[in-house]
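Protein chains in written order, with my numbering: chain A, 1 to 435; chain B, 1001 to 1557; chain C, 2001 to 2309.
Treat the hints with caution; some may be incorrect.
The list that follows gives simulated cross-link-like pairs (lysine-lysine, DSS-like), each with its CA atoms no further than 25 Å apart [stated by the list, open to error]:
#  : chain 1 : residue 1 : chain 2 : residue 2
1  : B       : Lys1287   : B       : Lys1220
2  : B       : Lys1124   : B       : Lys1379
3  : A       : Lys160    : A       : Lys105
4  : B       : Lys1220   : B       : Lys1334
5  : B       : Lys1217   : B       : Lys1334
6  : B       : Lys1375   : C       : Lys2056
7  : C       : Lys2262   : C       : Lys2219
8  : B       : Lys1288   : B       : Lys1221
9  : B       : Lys1287   : B       : Lys1216
10 : C       : Lys2056   : C       : Lys2112
11 : C       : Lys2289   : C       : Lys2262
12 : B       : Lys1375   : B       : Lys1124
13 : B       : Lys1402   : B       : Lys1419
14 : C       : Lys2098   : C       : Lys2056
15 : C       : Lys2052   : C       : Lys2098
16 : C       : Lys2056   : B       : Lys1118
17 : B       : Lys1217   : B       : Lys1189
18 : B       : Lys1124   : C       : Lys2052
19 : B       : Lys1124   : C       : Lys2056
20 : B       : Lys1376   : B       : Lys1118
21 : A       : Lys160    : B       : Lys1221
22 : C       : Lys2179   : C       : Lys2219
23 : C       : Lys2052   : B       : Lys1118
24 : C       : Lys2052   : B       : Lys1375
25 : A       : Lys70     : C       : Lys2056
26 : A       : Lys160    : B       : Lys1220
27 : B       : Lys1376   : C       : Lys2052
28 : A       : Lys70     : C       : Lys2052
29 : B       : Lys1376   : C       : Lys2056
30 : C       : Lys2262   : C       : Lys2285
31 : A       : Lys70     : B       : Lys1118
32 : B       : Lys1189   : B       : Lys1221
33 : B       : Lys1216   : B       : Lys1288
Partial list, derived from the structure: chain C residues whose beta carbon lies under 10 Å from chain A [what the hints assert, rightly or not]:
#  : residue
34 : Gln2087
35 : Pro2088
36 : Pro2089
37 : Asp2129
38 : Tyr2130
39 : Pro2131
40 : Asp2132
Hints were generated in silico from the structure; no laboratory data involved.
Beta carbons: idealized from backbone N, C-alpha and C, even for Gly.
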Amino acid sequence: MSTTTTGLTSAPAGGAGKIHPPGSTGTSISVRAASLWQRGKIYIVLIGLMLPSLIGLLLFTYYPQFGAIKYSLYTWDGGTTEEFIGFRNFIEAFTVDPLFWQSFKLVLILLGANIIKMWPSIFAAIVLHRIRSERWQYIYRVLFVVPMIIPGIVGLLVWKSFFEAGTGVLNAFLNATGLMRVLAWLDGFMAGRSDQGREWVGLVNTGAASTIRDHFTIGGIHGLWWMIIIGVLLIIARMVSGSIKKNRINPAAPYLSGGALLMLASAVVMALLFCTWPQRPLTVFDEGAPAWLGNQNLIIPSVIFWGFPWVGTVGVLIYLAGLQNITQDVYEAAELDGVGPVRKLFSIELPLIMTQVRINLIFLTIGTISDYGFFLLLLGNDGGPGNKGMVPGLYMYRVAFLEQRFGYACALGMVLFVILLAITIFYQRYVKVDK
Amino acid sequence: MSSPKDSNEEKKGFNSQYIGLFLLVAAFVVSLVVATINTYRVDAPNRNVIRIAHWQLERGYREAMQAVIEEYQKLHPGVEIEQMPVTERVYAQWLNTHLISGTAPDLCELGMSNLATKDEYTVKYFLPLSGVITQVNPYNADNEMRDTPWKETLIDGMRGGFREGLQEYYGVPTTMLSMRLFYNKDLLKAATGSDAAPQTFGEWMSQCEALRAYGKKIGKKVVPFASSYKMNTIQPTLDVAFTSSYETELDIDLNGEISQLEAYIGFRQGKVTLNDPSIQALYTSVKKIGDQMQRGFSAMDRQEAQYKFVNGLAGFTYTGSWDVSGIFSQAQAKGFEVGICQLPIPAASEPNGNLVRGRANEASSNGAGNYGVYKKSKKIDQAIDFLMFLTSRRGNEQLNKKAEWPPVTIGAEASELMKPFQLDPRGYYARVSLNYGSRVLLVADSNLINYYQGDAPFSDFEQAFQEVIVDPNRGGDWAWWYEYDQRRRDTRNKERLLAQDNTLELIHPGTRDPERNRRAILQQVTRNNAMDYLWLFRTYRQGDPTQAWSQFQPVFP
Amino acid sequence: MEHFDFGGTGRVKHSIFGLCIAVLLIGDVARAQPSDVELEAARQSIVDIDWKQTIKLYTPIREAAAAGSDIYTEATFCLAVANHHVQPPDGGTIANAKSLYQKVIEQSPGGKWAARAMMNLGRIDELRDYPDDVVNFDSAREQYLKVVQTFPNDPIAGEATLRAAATLIMAFDEPDYTKVKQGIAMLEQWLASHPDEALKSVMWQYTGDAYFRPLADYKNALRCYEEVDRLGWSDKGNQGPWYWRSAQIAERYLDQPDIAAKYYRKIIVETPNSGKAYESILALKRLGKPVPSSPMFESPVPTTQRSNP
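Generate the whole structure from the sequences, applying the supplied hints.
Here's what the structure looks like:
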């Protein structure tokens, strides 16, 4: 900061009138006071304009939050019973309430899935950004905005109807394409031989894994390990070829990277399938009408699949705003260096929209951890069969409205708040924004 | 930047931005005038206007209410009753505004709004009715209930309007609700050759099988039974049928029912187990119903179930009297006939029939459509008088016959359509529910539904249940402590009411309702400060409750 | 026109000035003597069970009222009640309530306010008012018995006796149940010596309950319930479970089918919506006793079939 010579900024903390700057007179003080008043008037007007919003914010947003803090220290039934009990609610949450902590298992899965699910929006924004025709870009932008005017509940009901067992679009599509039969076969195949072998690379411990092992073992090494090995080899090849063709365009690079990504992603997906596929066959695909939200083993996959292809309207617009901030000279410089479209993505666009990615990541995490309305509407207050859809927010809802323990529910809310705060701080610190 | 010329033109022409302001001012002025006129009209000294507000916009209800109003006005020429139907969506906000501003209708349907449901507000805005409901209803003078207190003339003994927390009656119910099995007569006839309602559980299951086979034959996906609410509405009927006979063994306090605590004590003592023939028969029977439903039926909501039924894709559905108009009109449009019957239970000659004691009675159901009297009403006596007429045999029959709802007054005849919904007082009452406490319920229910849906064997549920019920932090012992704690708080809350009653009696001697006071003292003293829960634990769990519950509560009396 | 306006404004000014003086004067008087409006508002807060408002409104009334006056005692008592029950309760509010009740007792010994204040001190000892509050049945009983001794002819004495007996019964002191028996004896003695007791039905019912549980003395339990039935049930309309219990005791434990039949009949006629009416009909048939008619059972069985209208 450069230092200024005006009396206003150079006045010490003791007050502008106590020490006069050199060359100042009584008149100049009064002039300055008048100027201060002039400036102050603007601030007064501005503060006046802000005040209604500020009061509204304090009254309707902060006050209830502070209420939650207060009631977390109380036994409160939402009505007449209200007793101060100190930290007992918190002690109960941490010592004798296993259900609350169990509900975090699903949240972690969903958080992982949602982090993956945010990428289509990023790519969609980049594609949109790269459309050369301004007219078409505008049309696509409008198309992305239109879904925003549809109420969330409508979207939820539409998606629910997609999953409906008898008349849902998903089952109709799976039946029409023959994929339902593939699922039925997969079901029998994956869960059919649970008695054989219990170990698979010491990681997965299901019968399905042993079945795969029996079918795909090549040269004594399991097929999945082969996929991982090939993926790693492709990465090495990509690195080696990059160092050989230093500063020159490497036409093989995208294929090598893509191949590695495909191999590793396939291995991870298959490993996840082996880990999660139940021991017993589900037998729900045989009749061609599985209830995606009514079967305990299909609930989590359905919730993850929800919103496919996961191109969120708001997300795309936020990323797009970030992308449009990238100046044209950055692209021009890259093009002069012979940078291809993939390199542009990883070296220019992604690093420069990390601020937006981080903010979306924070919103997404808050949404995932604190959401309960979605699960309540979809699965009921017990989280559906086997409590598979029980998230912390839904558990809080149960505690408050079914057990009438609003105070305890507030304490659980406070625990969630602290967890969210910690994650947000983690993101702020470790999700790098390199400008 | 607009040129000076432009701005001059703007000044000369009409500025369309003022339209909004004009409309706003006009709306405000009109509202003010209407409100003033209405206030004057209602409060005019020479007029006797009673206003009644409700959110029942279902077909026929307003007309039915109007018919009762006209009938009443004929009896009382000087009185005008004004009906104020308000949509369900805004009823809460509308009522809140009027209650707080002192302009609420004389009679308000209780519900939706916190101010009409929560005890602390109810006491502020609504009139306690103990004093009047013990008097006879003069509009029953023409029938055998002429000497019966008003309260006793309703099927539910006015329990629907009783506020446990306040130990007081604040509402008068005007209708009853019940659930029945609906069936598609045409589909059933096509599948079985007969459209007769199933009389027994076995018959019902056979009809379901026939419907399934018929669906396959015609190449249509027919679900024999489409129902929502998981099994929560169906199971209690079968619970009573199969487990009512445990009463002799498990009802420790001989009050005629098996509380969840008594069932838990019985379970811990081995008097009832998951492997008892009756309990097994219960689960198997519910599973059989589940087999007739769409796979994964727990995801099916009420609308979906009804959609299937009214589109001829389901043979049976189970729902309440509130849905009957909708179902009938849609079925009529689709061109099929609907039958209604009670949920069948196994006959003695059928499998597990020897374990059935009988069906569940509906005599203890609570009334609905409760109306409360606004405390600040200037015509309280007239409002109560109209309420008496509304719930007299004649008035209630008229209201519910026309509205196609089941009546609440004893002896009031139901409409033809509602006859199948009349509550059946014949049957048993006690039932065993082993899901003691919300935490056991959470685990047990969601595992049981897997079994009912055919997604997991019974042993999965059994294992989950056995694990959770003995878990000290979420099982039966936790639920026991929770009930003890709730009971103790409840006793303390009742003390507040008594304190109010006693203080007001000191301020205005002789104004206390002695019956209400005696009832409150009795209710409180018989609860024994929940000390009997500790005694029960010592006696039946043979342990020290203060040790077992120390993790939930450090200090005991 | 202008002149008239000026005059009008002047009058308004004078009126406002006068009003201010009046308000000040009223305010001054109010400090000396609480107005009826203030008192009514304070009393209304009790009707509304709004204890915070009670504290807010009665505090200035108490400050303004002359010590020892009726209003002063009322305000002190109401402040005590409000502190006793204000949410959330804690050691501080309860201590305030105790001290205020004590002041009421000191100010008007032998008065109606003092009697209730003594009772309420017992209630504080008996009930758990806040989480770590330790209840003390013995000291509660002492307070109740003090009420009985000080006001033996006041209706409150009966209530105090009931409460004192309850502190003994609530001990559930197995295996001998000495205290429970003492509590029962206290109630029975009182009932014998006070035939006009207002709470006698409640007392008999509670005594019956104590005989039933924990003593399992079914004969005496039934005797008490019979007495309640003769006097009339306090929770009229909800006595169904007690009728059923009486019938069960009579039929299953005491072999008194006539008494059992009496209660089964009462269930059918008086509490048909208790859920046990149908089983009572079956029980009467089983006992070979006549079954009374009931409007509820006169209605036909719900139809099982109907056509689309």
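Going through the hints against the structure:
1. Lys1287/B to Lys1220/B: OK: Lys1287/B and Lys1220/B at ~24 Å, within 25 Å.
2. Lys1124/B to Lys1379/B: 17 Å, holds
3. Lys160/A to Lys105/A: 23 Å, holds
4. Lys1220/B to Lys1334/B: Answer holds: Lys1220/B to Lys1334/B is near 16 Å, not above 25 Å.
5. Lys1217/B to Lys1334/B: 21 Å, holds
6. Lys1375/B to Lys2056/C: 23 Å, holds
7. Lys2262/C to Lys2219/C: 16 Å, holds
8. Lys1288/B to Lys1221/B: 19 Å, holds
9. Lys1287/B to Lys1216/B: 22 Å, holds
10. Lys2056/C to Lys2112/C: Within the cut-off at roughly 24 Å; holds.
11. Lys2289/C to Lys2262/C: 9 Å, holds
12. Lys1375/B to Lys1124/B: Given pair Lys1375/B, Lys1124/B holds - Cα atoms ~8 Å apart, limit 25 Å.
13. Lys1402/B to Lys1419/B: 13 Å, holds
14. Lys2098/C to Lys2056/C: With Cα atoms ~18 Å apart, Lys2098/C and Lys2056/C stay inside 25 Å; holds.
15. Lys2052/C to Lys2098/C: Since the Cα atoms of Lys2052/C and Lys2098/C sit roughly 17 Å apart, the hinted pair holds (cutoff 25 Å).
16. Lys2056/C to Lys1118/B: 23 Å, holds
17. Lys1217/B to Lys1189/B: OK: Lys1217/B and Lys1189/B at ~15 Å, within 25 Å.
18. Lys1124/B to Lys2052/C: 14 Å, holds
19. Lys1124/B to Lys2056/C: 18 Å, holds
20. Lys1376/B to Lys1118/B: OK: Lys1376/B and Lys1118/B at ~18 Å, within 25 Å.
21. Lys160/A to Lys1221/B: 20 Å, holds
22. Lys2179/C to Lys2219/C: Roughly 20 Å between the alpha carbons, so the hint for Lys2179/C and Lys2219/C holds.
23. Lys2052/C to Lys1118/B: 18 Å, holds
24. Lys2052/C to Lys1375/B: Given pair Lys2052/C, Lys1375/B holds - Cα atoms ~21 Å apart, limit 25 Å.
25. Lys70/A to Lys2056/C: 23 Å, holds
26. Lys160/A to Lys1220/B: Roughly 23 Å between the alpha carbons, so the hint for Lys160/A and Lys1220/B holds.
27. Lys1376/B to Lys2052/C: 22 Å, holds
28. Lys70/A to Lys2052/C: Holds, because 18 Å separates the two Cα atoms, which is no more than 25 Å.
29. Lys1376/B to Lys2056/C: Within the cut-off at roughly 23 Å; holds.
30. Lys2262/C to Lys2285/C: 13 Å, holds
31. Lys70/A to Lys1118/B: 21 Å, holds
32. Lys1189/B to Lys1221/B: 17 Å, holds
33. Lys1216/B to Lys1288/B: The given pair, whose Cα atoms are some 19 Å apart, holds under the 25 Å limit.
34. Gln2087: 4 Å, holds
35. Pro2088: Since the shortest Cβ distance to chain A is 4 Å, the answer is holds.
36. Pro2089: Since the shortest Cβ distance to chain A is 7 Å, the answer is holds.
37. Asp2129: Holds: closest Cβ of chain A sits about 9 Å from Asp2129/C, inside 10 Å.
38. Tyr2130: Holds - the Cβ of Tyr2130/C comes within 10 Å of chain A, reaching about 6 Å at its closest.
39. Pro2131: 5 Å, holds
40. Asp2132: 9 Å, holds
The structure agrees with every numbered hint stated previously.
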